[in-house]
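Note that the protein sequences, when read in sequence, are chains A and B. Position 140, counted from 1, in the first sequence is what this note's numbering calls 141; the numbers after and before it change by one each time, with no gaps. Position 16, counted from 1, in the second sequence is what this note's numbering calls 245; the numbers after and before it change by one each time, with no gaps.
Derived from the structure by calculation, the hints contain no laboratory data. All residues carry an ideal CB built from backbone N, CA and C; glycine is no exception. Watch out, some of these pointers could steer you wrong.
Ranges between beta-carbon positions, derived for each pair [claimed, not checked]:
id, chain 1, residue 1, chain 2, residue 2, range
1, B, I277, A, K115, 55 to 61 Å
2, B, L352, A, G72, 45 to 51 Å
3, B, K487, A, D260, 52 to 58 Å
Residues on chain A that point at chain B, a partial pick, calculated with CB under 10 Å [said to hold, decoys possible]:
id, residue
4, G53
5, I105
6, S286
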Amino acid sequence: MMPLIRLKEIVKRYGEILALNRLNLEVNRGEILAVLGPNGAGKTTLLKIIAGIEEPTSGEIYYNDSIINKGFSSFIRQRCTMVFQRTIVFNTTVYNNIAYGLKIRRRSKAEIDKRVHEALRIVKLEGYEKRNAKKLSGGEQQRVSIARALVLEPEILLLDEPTANLDPRTTSIIEEVIRYVNRELETTVLIATHNIFQVGNVADRAAFMLNGRVIESGPLKDLLNKPSLKIADFTRLENVFHGIAKPLSTGTSIIDIGDSIYIEAAFEKTGPVTVFIQPEDIIVSKKPIESSARNIIKGRIIEIIDHGPIIRLKVDTGKIFTAQITRQSFKDMNLNIGSEIYLVYKASSVSLL
Amino acid sequence: MGQNVQLSIAENTQNSIKTRTSIIIENGRSHMVSEIIEGLKHAINLIISGDPSVLDATFRSIYVSGSATLLVTVWSIPLGILIGYKKFPGRRIVKGIFNAMLGMPTVGLGLILYLMLSRSGPLGILRMLYTPYAIIIGQAILITPIMVSFTANAIEDVAPEVKDLAKTLGASESQASLAVFKEALPSIILAIVASFNRAIAELGVALMLGGNISGLTRVLTTTIALETTRGNFELAIALTIILLLIVFALSFVTNMLKRE
Chain A
2 MMPLIRLKEI
12 VKRYGEILAL
22 NRLNLEVNRG
32 EILAVLGPNG
42 AGKTTLLKII
52 AGIEEPTSGE
62 IYYNDSIINK
72 GFSSFIRQRC
82 TMVFQRTIVF
92 NTTVYNNIAY
102 GLKIRRRSKA
112 EIDKRVHEAL
122 RIVKLEGYEK
132 RNAKKLSGGE
142 QQRVSIARAL
152 VLEPEILLLD
162 EPTANLDPRT
172 TSIIEEVIRY
182 VNRELETTVL
192 IATHNIFQVG
202 NVADRAAFML
212 NGRVIESGPL
222 KDLLNKPSLK
232 IADFTRLENV
242 FHGIAKPLST
252 GTSIIDIGDS
262 IYIEAAFEKT
272 GPVTVFIQPE
282 DIIVSKKPIE
292 SSARNIIKGR
302 IIEIIDHGPI
312 IRLKVDTGKI
322 FTAQITRQSF
332 KDMNLNIGSE
342 IYLVYKASSV
352 SLL
Chain B
230 MGQNVQLSIA
240 ENTQNSIKTR
250 TSIIIENGRS
260 HMVSEIIEGL
270 KHAINLIISG
280 DPSVLDATFR
290 SIYVSGSATL
300 LVTVWSIPLG
310 ILIGYKKFPG
320 RRIVKGIFNA
330 MLGMPTVGLG
340 LILYLMLSRS
350 GPLGILRMLY
360 TPYAIIIGQA
370 ILITPIMVSF
380 TANAIEDVAP
390 EVKDLAKTLG
400 ASESQASLAV
410 FKEALPSIIL
420 AIVASFNRAI
430 AELGVALMLG
440 GNISGLTRVL
450 TTTIALETTR
460 GNFELAIALT
470 IILLLIVFAL
480 SFVTNMLKRE
């Protein structure tokens, strides 16, 4: 199948900084592709180039197999729309925000009305037309910016860290929207993220970036078992553990991940495995609690990462675990760096990669 | 015993001196306080009754500083937009110069312009000294750096992000620039108001270039200074109240508009 977008040997320099270093990538029509990689890998630059906002220093971009020459990035801009990591809304009503691109395209008032209404329905912000966009919460603003992009029915929707720093409810709405536009509008979607869990939820395929190039790409499952990725120090890959699994008589498995730490998982598997646990699936308690959860481990908080409504805790148990709790529980529990806590999670929260 | 008595007498004397001094100070203070209260009463009367000298100074201040502000808008807004939006060599230096001139002392500027405009100065031929036009030009120069800097900052705050956003939504370069300008507009209006407030509240330029001529170049600040030295507090207080009202009301309205 002919790829929708093909990038060949793309180089992008900002003065001394080499943001993209001979990058090659193909994007297939109708897929959801995750662009994974640590911060600074060049994900945002890649998206801006596909979006036609930046032009590459050198290299070739093919759209439907025909080359896009320098100075013709406006051709691509009409077809690809990007949603930025830092949410920006125009200082006006939600309606005017979402209608902006349609007005630029000189659509009729009736059509704009209809499409803005539909876009708001998709992002679950019905009735928000007359609200001032600047006065909405961060999550609502992010949904407005996604509605503003998808109302244009672009061929490619580019999302830069669409759910970073958002609360779990908004995250799930946004993931739902991504699946919806891909399925119903047949939009090709690219998601740049450092959050591997999000990718697992929505993406068909992933491309892994490091130092300005794509080092691996393919179905997510295959990708995570590639030795090149295991060797690389992806500190952003949270709660991913490699170990040896042994089945138990109970139908579960016990996985030895080293440092005498064991994880019980709700699958039967023998031999080397890679597993991950969603940070939001881990319960944090100050005392060992009796529960149905099969895994409990004691640790010490070594880092507190503030994401607004949610807080991420890095916990040293011998291995580093990441747990995610709400700001309210964080306050109520009076946690600090060095606090001793217990991490509790179910065997069924352990997923096999 | 005798020594003790002497000591206590000395203490008493000292105490009575202290008491007397403090009574004098108290008297002075209460005199001043009553004068302020009287002044306030008279001042409010002057404002309500529409005293000609109050109206004259007020309208001239608004006319002179308003003209200066309008004039400055013509070059400062485009220049500020250029500095905030375009990347050109030496941009940082230009911005640095305008930032440095933000705190320009008004007497210094007044003196320089006085020397230029006086009969024997290089611009003496214009015969402008001691006219309202001289004050307008002086205040225009004074507030140019404010308007340029604030406008540049307003544009810089929104420029790269809003530009990229407009472009990805399909805007052309010029449409994207317009979007940036629209987003910065509330802050630019604030820059204009801040400039006007600086102009109407300054004294040095108006005094040195206007000469405080009654009915011709007398503005709020120069009249306040003059009437205070004359001991004519009622008029000074009345004019100060008006000056504060103008400045506060403008800032308040702009802030309300900005929030909307």
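Hint check results:
1. Taking the beta carbon of each, I277 of chain B and K115 of chain A are about 58 Å apart, inside 55 to 61 Å as hinted.
2. Between L352 of chain B and G72 of chain A the beta carbon distance is about 50 Å. The supplied range of 45 to 51 Å therefore holds.
3. Look at K487 of chain B against D260 of chain A: about 56 Å separates their beta carbons, and that is inside 52 to 58 Å.
4. With its C-beta approaching chain B no nearer than about 8 Å, G53 of chain A sits inside the 10 Å limit, and its interface hint holds.
5. Proximity of I105 of chain A to chain B holds as hinted, the smallest CB-CB distance being about 5 Å (cut-off 10 Å).
6. At a threshold of 10 Å, the smallest CB-CB gap from S286 of chain A to chain B is about 42 Å, leaving the interface hint violated.
Hint 6 from the list above is the single one not met by this structure.
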